[in-house]
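Chemist: One-letter residues, chain by chain:
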Amino acid sequence: MNFFKKLLDRYAKFVSHRPFLVLVIVLILIVIAVFFTQYMNFKSSDFSDMVPDNYDVVKSFNILEDTFGSSSSIMIAIQVDKQYMNSNEVFDIKDIRVIEYEDIVGKYLYNLEYIENVNSAATTFRNLNNGILPKTQYEINKIINDNQQAFSSYINSDYTMSIINITLSQDYTSNDDQEIVNSLEMVVNNIDKPVGITSNVAGNIATYPIMIKEIGPDMQKTSMYSILGIVIVLIFIFIFGEIISVIKNKKDKKLVKAWDVLSSIRYGITPLTTILIGVVWTFGYLGLTRMGVSSITSGVISMIMGIGIDFGIQTVMRFRLELKENPNPEKAMYVTMMNVFIPMATTTIAALIGFKAMSMGELSLVKELGSMMSYGVTACFLAAITAVPALLVVFEKGFMNIKKKLIKREELLK
Amino acid sequence: MSFIEKLLKKLAIAQNKYKYIIFILTILLTVFFIFGLTKIEIETDFSKMNPQDLDIFVLNDKITDDFGGKDIVVILFRFDKSLDYKSQYNDIRNPEIINYLKNLENEYKKETLVDSVFSASTYLGSFNFDSVEEVKSAIDIMPGVESLFSKDYTTTIMYLTADLSGSQDKTTNLMNMISEKLENIQKPSGIEYMVTGSAPVSVTVLDILKKDAIKTLIIAAIIILILLFITELSFIRGLVIFSPIFLGVIWTIGMMGWLNLKLSVATVGIGAMILGLGVEYGVFLNTRYQEERNKGKAQVEALKTAVPNIGSAILGSGLTTILGFLALTFSVMPMLQDLGKSLAIGIGFSLFVSIFIAPVIIILFEDLGVLFAKKMHEIYGGITNKHGRLKK
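So the sequence lines, in the order shown, correspond to chains A and B.
Read in order, the letters of the first sequence correspond to residues 90 to 503 in our numbering.
Read in order, the letters of the second sequence correspond to residues 75 to 466 in our numbering.
It should be emphasised that the hints constitute simulated quantities derived from the structure, not laboratory data.
From the three backbone atoms N, C-alpha and C, an ideal C-beta is built for every residue, glycine too.
Check the hints yourself; a few may be wrong.
As the list claims (entries may be wrong) - With beta-carbon atoms standing in for the labels, derived distance ranges:
1) L102/B <-> K420/A: 31 to 41 Å
2) A434/A <-> E365/B: 10 to 20 Å
3) I288/B <-> P306/A: 44 to 54 Å
4) S317/B <-> F92/A: 30 to 40 Å
Claimed, not checked - Under 10 Å between C-beta atoms, here's a sample of chain B residues computed to sit facing chain A:
5) I114
6) A287
7) T361
8) F399
9) M409
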C-alpha cells in the first residue's frame, strides 16, 4: 500500500467511524465562517477597477483624477413632470421658479462635504448677468436666446430637463459614494421645489450605491432559483427512485414501506449540505480576506452550487450502492470514501485548473471571479468528504434503528 | 436498468455501428460552429453591463441623449516632466499652448465621429494673446475656464464627446483619429499629452479581453493536457479524452457567436471554465471503457457497459450544474445573464460531446492504433510484435 493509499485508508476509517467528531469539527468551522461573513462586503465596480494599473490609459486616468478631482459624474436632474402639463404649474424648464430653485439648491450644495464646484443654468445666469439672477421671465428668455451655447450644457433642447453639474473635490474616494448620494438626496428632498417638476440625483456615482443595494437581493434570487432547480433534480434522482423501488418491493409491510419512502428524503437532503456548507465556508473566507463581492462576482453562489452539488450526489450515490453490498453503514462509508475520494479530487483539481487559468488573465474582475470559484469548489469538495459522509452514517444508523423497531412492531401485530 | 440507461445502451450500439457517420457529422457540426466563432463580438460598452430597467439608468440614458457625451475622451496636456520645462514655460496658460489647443480643437470639430470638443481654447480661442498675463486676465473675466487648468497651472485638459453606441469599429476609428491628429499637429516643445476616458479604456479592455480569452484557454488546455498525460500514463489516451472536450469549447464559443452572446468581462474565461468542468465527463467515460476492455470485452460490449453507466451518472451531475448556471439568467445584471447562458450551453455541449461523440472518438482512435500496429508489423515484422511495438 503506497503512502497516499495509506493516508486515504486512515481518513476513510476516521470519517466513517467517528462521524460525530467530524460533525463537531465541521460545526466549529461553520461557526467561524459565519463569524467572518459579517466582514463580507459588496462593492461597486467601474471601468478603472477592471483594467490593471500598468496600462497607460489607467495611469493617465489616475493623473487626471489626482489633478482635476474625480472624473465620475454626479448631478441633479430636474425634469418637467408630465402629469402637470395642462395645469398652471411649471411646464417649461426655463421657468423663473425653476431657475430660482436651482440657485437655492446650488447654494446648499456648497455646504456639503466633497463638493468642489456647482454649475447649472442658475450659475450661468449669474456669470452672464454680473452676478445677479434675472428677475423676470422675459430677461431669462432673452439671456438664454443670446447665449444658447452656454446654456446647452444645462438645459435640453425641448426645455423639459435641466441639470445641475457637481464637481467633487480631490478628497473624494469611491468609498464616499453612498455618503455623497445620501446628502444630495437629502438636499433634493428637503428644499421645496416648484410644483410640476421632479428632481433626482443622477450620474455614474449615483448608480454605484444602487448597484450595491441590488447585489444582495440579486444573489438571493439567483441562489434560490439554483437551489430550486437542484432540489428538483435531487427529488428525481433519489426520492422518485426510492418510491418506485418501495412500490415494487412486495415483501415489506405498509408501515415499513411508508418509512422507507419518508426516510429516502435524507438522500435528497444530504447532498444539499455540500453546497450549503460549501457556500458558508466560502463566504466566511471571503469575509476573512475582505474580498468584496461585485456585480459580476455576485453570481458565484449559483455557480458554486451547480458545480458543488456533484460532489454530494457522487458520495450519496456510491454510499447507497455500497449499502446494498454491505448493510453496515460504517463499512459502506469506508468503501465509499475509498472509491469516491480520488475521482472527486481529480474533478476538483481539473476545475481548479480552469479557474486558476482565469486568475492568470489581466482583468481584475475576471481574476476575482476565478479566485472565488476556486474557493467555492474547494469548500464544496471539503464539505463532501467531511460533513456528507458523517451525516450519512449518522442518519443511516438512526433510520436503520427505527426501521428495525417498525419491523418488530409489524411482526408483533401479525 | 432504468429507462435512460436502456436508451444509452441502444446509443452505444448505434455508436459502434455508425461510427464513421457520427464522425463526419461531428466534423460538419464543428465547421458550422467555427463559422459562429468568426461572428463573436466583444462587449466594450460598459453601460450595457448594467441593468438598464432601473430608474437611475433610465434617467442617465435620458441625460446622455439630451446632453450628449455618452463616450468621453480626455486629453491631458502637461509639461514634460523629463525635460527642464522651466527653461521654456512655467505656466500652461501660455499663448502658444492656447493656439495649439485651438488648432487641435478645430481639427477635431471637422470629424463626423466627434460630437463636441471642449477645452480652454473654446473660450479663449477668439483672442490674440501675446503674453501669459493677457491669458490670465481673460481667464479672470470668464468664470468656469479656470477649472480647465490644474491648480499649479502645469496641466490643462481637452474633452471630446462621441456617441459610439458600443461599436468596436467606431471606438477604434475614433482613437486612431485622435492619435493621428495629436501626432500630426506640431505641439509646443516641452509639452506632453496623455489620452484617457471611457473610449480609450474601451479600446484597452477590448485588447485585454481578446488576449485574456486566448491566454486563459491556452493555459487551461496545456495544464489539463499535462494532467491527463500524467494520470493516463499515455499521450494518446490523454488526447482521446481531451479532444472531445476541446470540441465542446469550440462549439460553445461558436454557439455564442450564432446567438449573438458577446464576449464580455464576465464571459471572457468561459473556455477555461468549460475545459476545467467538462474534462471530468471524459475521464469517467474513458476510464470505464478501458476497465471493460481490460476485462477482454469487445469494443461494442465495452461501450454497452460504459455509455449507460457513466452516461446516466454524468447526465445527473451535468443537469444540476446546468440548472445552477441557468439560475444566473434570473439576475438583474445583463452580464450575469449572459454568463449563465454561456456556461449552461458550455456544460450542455460538454455533456452531449461526452455521451454522443467521445465514445466514437475512443473507438476510432483504437481502430487507428490497431491499423498502425498492423502496418508496423507488416513493414518491420522482424523487429516488431503484432502490437507494432519493438520486440524485447
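Chemist: Next step is simple, just say for each hint if it's right about the structure.
Modeler: Results of checking the hints against the structure:
1. L102/B <-> K420/A: 31 to 41 Å: For K420/A against L102/B, whose Cβ atoms are near 52 Å apart, the range 31 to 41 Å is violated.
2. A434/A <-> E365/B: 10 to 20 Å: holds (19 Å)
3. I288/B <-> P306/A: 44 to 54 Å: violated (36 Å)
4. S317/B <-> F92/A: 30 to 40 Å: Between S317/B and F92/A, where Cβ atoms are some 34 Å apart, the hint holds.
5. I114: I114/B check fails; min Cβ-Cβ to chain A is 17 Å, beyond 10 Å.
6. A287: holds (8 Å)
7. T361: holds (8 Å)
8. F399: At about 5 Å, which falls below the 10 Å cut-off, the nearest Cβ of chain A leaves the hint on F399/B intact, so it holds.
9. M409: holds (6 Å)
Checked against the numbered hints above, the structure breaks hints 1, 3 and 5 and satisfies the rest.
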